[in-house]
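For chain A, the structure is supplied; the task is to place chain B on it using the hints.
Residues per chain, in single letters:
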Amino acid sequence: MKPDQIASHLPSLRRYARALTGDAWAADDLVQDTLERACRKWLLWRGGGNLRAWLFTLMHNLYLNQRRADAPVQWVDADALAAHPAHDAPSDTARDLERCLQRLPADQRAVLLLVTLEDMGYADAARVLGVPVGTVMSRLSRARTRLRELMDGHPPATALRRIQ
Amino acid sequence: MTDDTTLHALADGRLPPGEAERLRAQLTPAQQAQVAQWQAQRTLLRALHSGEAYTAPPAAQQAAAARLQALLDGRSQWWRWGGMAAGWVLAFGLGWWGHAQAPRPMAATPVAAQFARQAAVAHAVYQPEQRHPVEVTAAQQDHLVQWLSKRLGRPLKAPALQAEGFDLVGGRLLPGGGGARAQFMYQNAAGARITLYLGALDAPQAAAETAFRFYTDGPVPGFYWADQGFGYALSGELPRAELQALAQAVYQQLRP
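From first to last, the protein sequence lines are chains A and B.
This note's numbering puts the first residue of the first sequence at 1, with every later residue one more than the last.
This note's numbering puts the first residue of the second sequence at 1, with every later residue one more than the last.
Some clues are possibly wrong.
Said to hold, decoys possible - Sample of chain A residues at the chain B side, in silico, Cβ under 8 Å:
no., residue
1, I6
2, S8
3, R15
4, A38
5, C39
6, N50
7, L117
8, G121
9, A123
10, R127
11, L129
12, M137
To be verified - Every beta carbon over 12 Å from chain B, so not counted as near; a handful from chain A, in silico:
no., residue
13, R14
14, R40
15, Y63
16, N65
17, Q66
18, R68
19, A69
20, D96
21, L97
22, P105
23, A106
24, G153
Just so you know, the hints here were simulated from the structure itself, not pulled from any lab data.
As the structure is a prediction and not an experimental result, all values here were calculated from the model.
Even glycine gets a Cβ: it sits at the ideal position worked out from N, Cα and C.
Extracted from the complex, chain A is given alone in its bound form (with noise of 0.2 Å):
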């Protein structure tokens, strides 16, 4: 796989956003919007850099944007996640994780997915998200215990309504 190849990193792209937004149509308009920011930008990138980790800070930069354009309550709608398309069906124990994981505070799941399913080493997923070593560390903490007690059916104190 070539590291300067964008067709080797869009199933990468694709799969974090997917998670990431829960949603595959939101997922499919994320990587496009990424995909036509860096056509815009190309010239910020710095040849022999990371591509991969410039990819990923310009659809987070996205993702955040997005959100905060959101209404500000966010809902959660648990059914609608389960009724959405999915390419390979999902198991109980899947489609499980995927409403536990929507219910993660953003910033959480971006940093747990980052690290977990994109395998990106803690100074890359800083670099991605902008924050500093130490805040991914807390923010990976917090995330894997909430997720934990999420998946273990703990009463949710705040999850399926946030007001932000």
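Then chain B, alone, in the frame of chain A:
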């Protein structure tokens, strides 16, 4: 003592195998359970949407990806030609300089390689820092240079790289092979950082003059050279030609 960060690194497979094994042997049962739970969670997450990787992206995404690829390819062509030109200039310059001074390439020596490696590691450690990338910032440049000169036992100079697009962020003092090392950090408008690492080399290296050497075995690439008993390494995630041009600018400015 095992902190949370280390436990995460263990669960995420970010530790070297030997270290991971040693660490596992020292964990309390509670810590073992914690790591096992995180690993199980990680496995679950990594299985999520694994089908996504095998389905063809929508046509619009493929088109945008192809457009981006064409743009980047066009630019790397430019880098290549630019790099080649810089390479020729440097080869010519070094050839001429070598003719005059007959430098003995000593790059393969363990001391030189160790120096380059320490420079690359120091770069990798401090480059991502957002809050404390340096001990003394460029705002106090005079103090910074005075302080490091005193600690390294030689009058130093922080090279000016504005012409190359890099501003001084600041510097810090580090321990190294034979004693004190200084690290100057620079950053360009795009946020890319390079570091210059320098310090006295141990004898008998001190007597040797080395040509520029490209070092790629560390976490980041770098150019290093020795001059009058001092070792220098310029590290950064940049194309080789660009790093080389910067190294030469540094060398020119620091030549006694």
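Structure-based check of all given hints:
{"no.": "1", "hint": "I6", "verdict": "4 Å, holds"}
{"no.": "2", "hint": "S8", "verdict": "10 Å, violated"}
{"no.": "3", "hint": "R15", "verdict": "4 Å, holds"}
{"no.": "4", "hint": "A38", "verdict": "5 Å, holds"}
{"no.": "5", "hint": "C39", "verdict": "5 Å, holds"}
{"no.": "6", "hint": "N50", "verdict": "7 Å, holds"}
{"no.": "7", "hint": "L117", "verdict": "5 Å, holds"}
{"no.": "8", "hint": "G121", "verdict": "7 Å, holds"}
{"no.": "9", "hint": "A123", "verdict": "4 Å, holds"}
{"no.": "10", "hint": "R127", "verdict": "6 Å, holds"}
{"no.": "11", "hint": "L129", "verdict": "11 Å, violated"}
{"no.": "12", "hint": "M137", "verdict": "5 Å, holds"}
{"no.": "13", "hint": "R14", "verdict": "5 Å, violated"}
{"no.": "14", "hint": "R40", "verdict": "10 Å, violated"}
{"no.": "15", "hint": "Y63", "verdict": "16 Å, holds"}
{"no.": "16", "hint": "N65", "verdict": "18 Å, holds"}
{"no.": "17", "hint": "Q66", "verdict": "17 Å, holds"}
{"no.": "18", "hint": "R68", "verdict": "21 Å, holds"}
{"no.": "19", "hint": "A69", "verdict": "21 Å, holds"}
{"no.": "20", "hint": "D96", "verdict": "9 Å, violated"}
{"no.": "21", "hint": "L97", "verdict": "6 Å, violated"}
{"no.": "22", "hint": "P105", "verdict": "16 Å, holds"}
{"no.": "23", "hint": "A106", "verdict": "16 Å, holds"}
{"no.": "24", "hint": "G153", "verdict": "15 Å, holds"}
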